[in-house]
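Trainee: Residue numbers for the sequence shown, in the UniProt record's numbering: 1 to 358.
Because the hints were derived from the structure by calculation, they are not lab data. No incorrect hints appear here.
Derived SDA-like pairs: lysine to any residue, alpha-carbon spacing no greater than 20 Å straight-line:
{"no.": "1", "residue 1": "Lys296", "residue 2": "Leu226"}
{"no.": "2", "residue 1": "Lys278", "residue 2": "Thr258"}
{"no.": "3", "residue 1": "Lys189", "residue 2": "Asp178"}
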Amino acid sequence: MSRNKSTTTSQLLKSKAASPDPVDKQARKKNLVNLQDIESILTELETEETTHDPQVRRVCNCMARRHPLFEIAPNCLNCGKIICTKEGLQPCSFCGADIIPAKDRDAIIKLLEKEKQDLTNRKQLVVAPSQPKNKKKIVVKMNAGEKFWEAQDRAFKMAEKEIKKTKEEDVTAKEEADTAEKSSLDLEKAKERLETLLDYQATGAERTRIIDNASDFDMPSQSLWLTPEERALNLKKQQRIMREGQVNKDRKSRGERTVEMSIKDGKVTMVEKFVSHKEETSAEEKQLEESIRIKKQQASSANDLVWDYDKDRLKWEKPIYFSTEDTSKAAENSEPLIKNRVQFAKEDASDLIATLIN
Numbered sequence: 001m002s003r004n005k006s007t008t009t010s011q012l013l014k015s016k017a018a019s020p021d022p023v024d025k026q027a028r029k030k031n032l033v034n035l036q037d038i039e040s041i042l043t044e045l046e047t048e049e050t051t052h053d054p055q056v057r058r059v060c061n062c063m064a065r066r067h068p069l070f071e072i073a074p075n076c077l078n079c080g081k082i083i084c085t086k087e088g089l090q091p092c093s094f095c096g097a098d099i100i101p102a103k104d105r106d107a108i109i110k111l112l113e114k115e116k117q118d119l120t121n122r123k124q125l126v127v128a129p130s131q132p133k134n135k136k137k138i139v140v141k142m143n144a145g146e147k148f149w150e151a152q153d154r155a156f157k158m159a160e161k162e163i164k165k166t167k168e169e170d171v172t173a174k175e176e177a178d179t180a181e182k183s184s185l186d187l188e189k190a191k192e193r194l195e196t197l198l199d200y201q202a203t204g205a206e207r208t209r210i211i212d213n214a215s216d217f218d219m220p221s222q223s224l225w226l227t228p229e230e231r232a233l234n235l236k237k238q239q240r241i242m243r244e245g246q247v248n249k250d251r252k253s254r255g256e257r258t259v260e261m262s263i264k265d266g267k268v269t270m271v272e273k274f275v276s277h278k279e280e281t282s283a284e285e286k287q288l289e290e291s292i293r294i295k296k297q298q299a300s301s302a303n304d305l306v307w308d309y310d311k312d313r314l315k316w317e318k319p320i321y322f323s324t325e326d327t328s329k330a331a332e333n334s335e336p337l338i339k340n341r342v343q344f345a346k347e348d349a350s351d352l353i354a355t356l357i358n
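All chains should be modelled from the sequences, with the hints used to inform the complete structure.
Mentor: Here it is as structure tokens:
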């Protein structure tokens, strides 16, 4: 007898069933670790205020050389002290300020909760296909006069069709999930792009505005095209403006005030006014201005002496030519000069004439 054991239809269906993918196990394990980390951080952030005792503080000055660095808040934002894991999430032991402000803490909690929700949704999507399903029994009835192997062959074909249908449903569900995830990512990117463009448009006027306060006080004393006198005059004006500003600043610091008092209808009204100090123009500045003015007048008069074609053309009139009757008649009676198209040398002209006569 043969030692090979016979197999039933249910055993064949079990053998053809897909074995669990090891990649799914690794993904589930990784998601589980990430969820545990996020839950521990959330718990620490949420319970830090309730468990905090202001009289008991953990102090360590190792600067993360003895203990690992506290990655949630590596240093104090107020004094800059490096925080290790021994001190943890508590007020700074040096300056007493909160390591993570309340506003930032709320933002971190929201981000972690969102990430936790995303991981939970992914875990459900990964675990859902691998959940045990109710096995469907395939019942095959033998017809009258039908052989056993024919009925068994029919059962195998029905089982293969069922497995193929199940695989197609799984692939379709996976494709739909991928399409939905991709469309959601594209929608988020489009929204971020829209917000960026709207913000850029809203702040365009503020970003392109030019505030040039220096041009109100700086004189163009270093221009390349200024004469030495103009440079000296601009420099003196700049020094005078700086002295006036310093005097006004000193008056404000001393508390000097100018008050205007007016009496009207039996009422006295006092109005405070600011009178700026104006320094008189020095004699040197006036002398420089006068010399610059004279030089400009001389330059303009010298330009007037330059020959101008347009002005000179207006002084003269175009010549007009008049013709007489004799010249016109002589021109009409004169015969046109006919030139010979054959050219002869000058020394052979007499010989040619004699030859033509003979």
